[in-house]
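There are 4 protein chains.
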Amino acid sequence: MTTSSSIGQRVAGEALGTGFLVATVVGSGIMAERLAGGNVAIALLGNTIPTGAILVVLILALGPISGAHFNPAVSLVMGLTRALSWRDAWIYVLAQVVGGCLGTLAAHGMFDLPLFQLAGKLRTGPAQWFAEFVATFGLLMTILSVARFRIEAVPVAVGLYITAAYWFTASTSFANPAVTIARALTDTFAGIAPNHVLPFIVAQLAGALVGMVVIHWLLTGRAAARPEATLAHER
Amino acid sequence: MTTSSSIGQRVAGEALGTGFLVATVVGSGIMAERLAGGNVAIALLGNTIPTGAILVVLILALGPISGAHFNPAVSLVMGLTRALSWRDAWIYVLAQVVGGCLGTLAAHGMFDLPLFQLAGKLRTGPAQWFAEFVATFGLLMTILSVARFRIEAVPVAVGLYITAAYWFTASTSFANPAVTIARALTDTFAGIAPNHVLPFIVAQLAGALVGMVVIHWLLTGRAAARPEATLAHER
Amino acid sequence: MTTSSSIGQRVAGEALGTGFLVATVVGSGIMAERLAGGNVAIALLGNTIPTGAILVVLILALGPISGAHFNPAVSLVMGLTRALSWRDAWIYVLAQVVGGCLGTLAAHGMFDLPLFQLAGKLRTGPAQWFAEFVATFGLLMTILSVARFRIEAVPVAVGLYITAAYWFTASTSFANPAVTIARALTDTFAGIAPNHVLPFIVAQLAGALVGMVVIHWLLTGRAAARPEATLAHER
Amino acid sequence: MTTSSSIGQRVAGEALGTGFLVATVVGSGIMAERLAGGNVAIALLGNTIPTGAILVVLILALGPISGAHFNPAVSLVMGLTRALSWRDAWIYVLAQVVGGCLGTLAAHGMFDLPLFQLAGKLRTGPAQWFAEFVATFGLLMTILSVARFRIEAVPVAVGLYITAAYWFTASTSFANPAVTIARALTDTFAGIAPNHVLPFIVAQLAGALVGMVVIHWLLTGRAAARPEATLAHER
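Chains as they are written, first to last, in the numbering used here: chain L, 21 to 255; chain W, 21 to 255; chain X, 21 to 255; chain P, 21 to 255.
Incorrect hints may have been included.
Said to hold, decoys possible - Short, incomplete list of chain P residues facing chain X, as computed with Cβ under 7 Å:
no., residue
1, V76
2, M130
3, D132
4, P134
5, G241
Unchecked claim - Every beta carbon over 12 Å from chain X, so not counted as near; a handful from chain P, in silico:
no., residue
6, R30
7, L82
8, T101
9, W106
10, V117
11, P146
12, P219
13, V222
Unchecked claim - Beyond 10 Å from chain L on every Cβ pair, some chain P residues (computed):
no., residue
14, S24
15, R107
16, I111
Think of the hints as simulated: they come from the structure by calculation, not from any bench. For glycine and all other residues, C-beta sits at the position ideal for the given N, C-alpha and C.
Looking at chain L on its own, in the form it has when it is part of the complex (with noise of 0.2 Å):
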């Protein structure tokens, strides 16, 4: 019904939408803890609903025209579902790594702080990574099962998935390299230290490689409506 978006779109795209994850990531993080008074339950509901809400908003504008992917993790199991070619996959990859990382100066700038900085917030440990295999596998079922079967209802259930997320792991489910390292560039309430980053990168990998399969099991048999083509360029 229409034609497909150009590499260049989708590109744009896919760092467009990952800077403004990030900016409201970062941003909704910097604002909460600045105002909640040193209760942080309240910072993180402040955290976790915008977050949220932005990610039904750019799934919704953005999944036509790139698969609104915004997530390394994602889009390497695309690539090995061969619903993205590796070529693609890759540069979807860089744009959405240096999306993100603007979207940490753009939420910098927003709130008048200095644009280059690096986390001090220590995450670590075995439990932190256990979290963010759990999470990651959580978000890639989530992902492939509804794309399957109702496409039309990925924005809210990749929302409403992070917002669990936030608070069901002792690590406030980053879930997404793209993201962790764009975090790592930033001393606020969203920050991990950068020699933390590789962990949790490698743990989400490992849970969406698992969740990859375990999902592909769960749906052997079960007609397709092509979720992973229509994921890569969901129109």
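Put chains W, X and P on the given structure of chain L with help from the hints.
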């Protein structure tokens, strides 16, 4: 339009879904209590919003596979209404209990707590039992009626119902025997002392049965979209 | 596509729905005030979110049976616009008042409070009456206009409208004579002193009537999906 | 399928909608600040949730009549893209400003405050102007892209976008010249000192224009459901 899922896939769907549900209930309770600085209303908000959110996600993602009961009270009502064979109903119940308990373990693992615990939190008395009766009655009303008239709205309806029920019941609305058992295995915000589990389950099953009868009468004479069959395997 | 519900079923739907609505308003108010440690904004959040959520659920579940008015101001407007016979409109009003009062009792039962109470909370003065006028005007605008153009969005629209109205009115937006009467029977967070009930109801009915006239003009000349007939029995 | 609304009806729709929007922003701000006991994050939650909710409602209810712009930045973009005649665009802007100011008065009336006030709250500086630029850029991205691909999701997308933007911008995302003017007339939580209004509006219009150009490029080559025409009168 699709072939249906195998019993193995359906059982895995029930176990996975109930596990994620319980991990969210228990995990967000731990997170919320840790951060809320003693304000229990804020902690309950931080427990409610993730629970309602993950229910929408899980029913969207797993409903087409197993029907997304995640709740013995629902599966037994489906058995009574012949929407599910008794054999399958009991297998579902078992999967829900096992999956739920694994969900508690997963939450403990993510928050670096001892995996095996027993709850000390007292939840007892006729008022709380009455609350569980009302909460489960309302849950069955929601599921059976919305499934009859607008099957695609069931995920949102159930998520919002539990969001409300956390607050209008003194017991914070367990409304689910498998979740109740799983919550006996955590000595955190969401726990319930093991010796208080049985009366909760009795009240829940009574509420489910009365709800089934009342809604059955309320819907008599209205054309059905074969909701029970649909609920058993949503597609 | 379906036969319609009997008058007995419709009356039961109105009573059950108004009962659950009031039980949620009163019950979540009790829960929220108990837990909020004196912070009334947090208590109001804990009262708002469940109320908005249960409205979506109840309109989804019971709308196809009774039209899901749960509100004498709505039923009387439906009588005025001939969408409902006057006989049925008055029966609806009676069912709503009785159901609402039973909802208050249920909330008291669930929280182990004396069943029969009279509210002491003062809610009076021209500013609050004006707020009730505005709130009910907006409620009718929402119902009549959304029912005309997107009937399937009415449950979400009403739930979100009340979510907003709890906060933009000084009165926390009762906007419903049956709920107002039922809330006179509880000396808790949601209560209203009995002698302050009548002016609230007058303001609500005035707002509903003016809303009906204004929206009627606003929609003149636009093709209708026979919203009032639809609202009377949604399917 | 329907005849379209008259210019009088459309102007009334814009005024009524902008009025309710501002009454919600200002009213919930008053309520939230009064109750929050000095915790500004809680107050902002009590301001955010109602604002996002009422936007969904108003766009659902009035979109089919006037297009539900409620925002001069949107109407001017519609003028530039020829979706609206310039004459109508300017009439819309006037209706939005007048309606918005009446909304402020209504909020004051409902909370028993002096009707006519001037804000003392300082909101100025390049960081806040950049934030307004980003917020309005994102708003136009949301509206133009979602209207192109999933017109029925525009109400939810705009409501959730503003929910997020309240928190990711240092300015709490006015993103609307008419609302900015109306908020200069209240010396409460939502106020903005009159001499700080103009730079906010300049930043908003700049963000809207850049957003329009970027999204236009991003959507180039994709089949349209004539979004702009649709947005002008949604049905």
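Q | Ascending list of hint numbers which this structure does not respect | A | Those not satisfied are hints 4, 5, 6 and 7.
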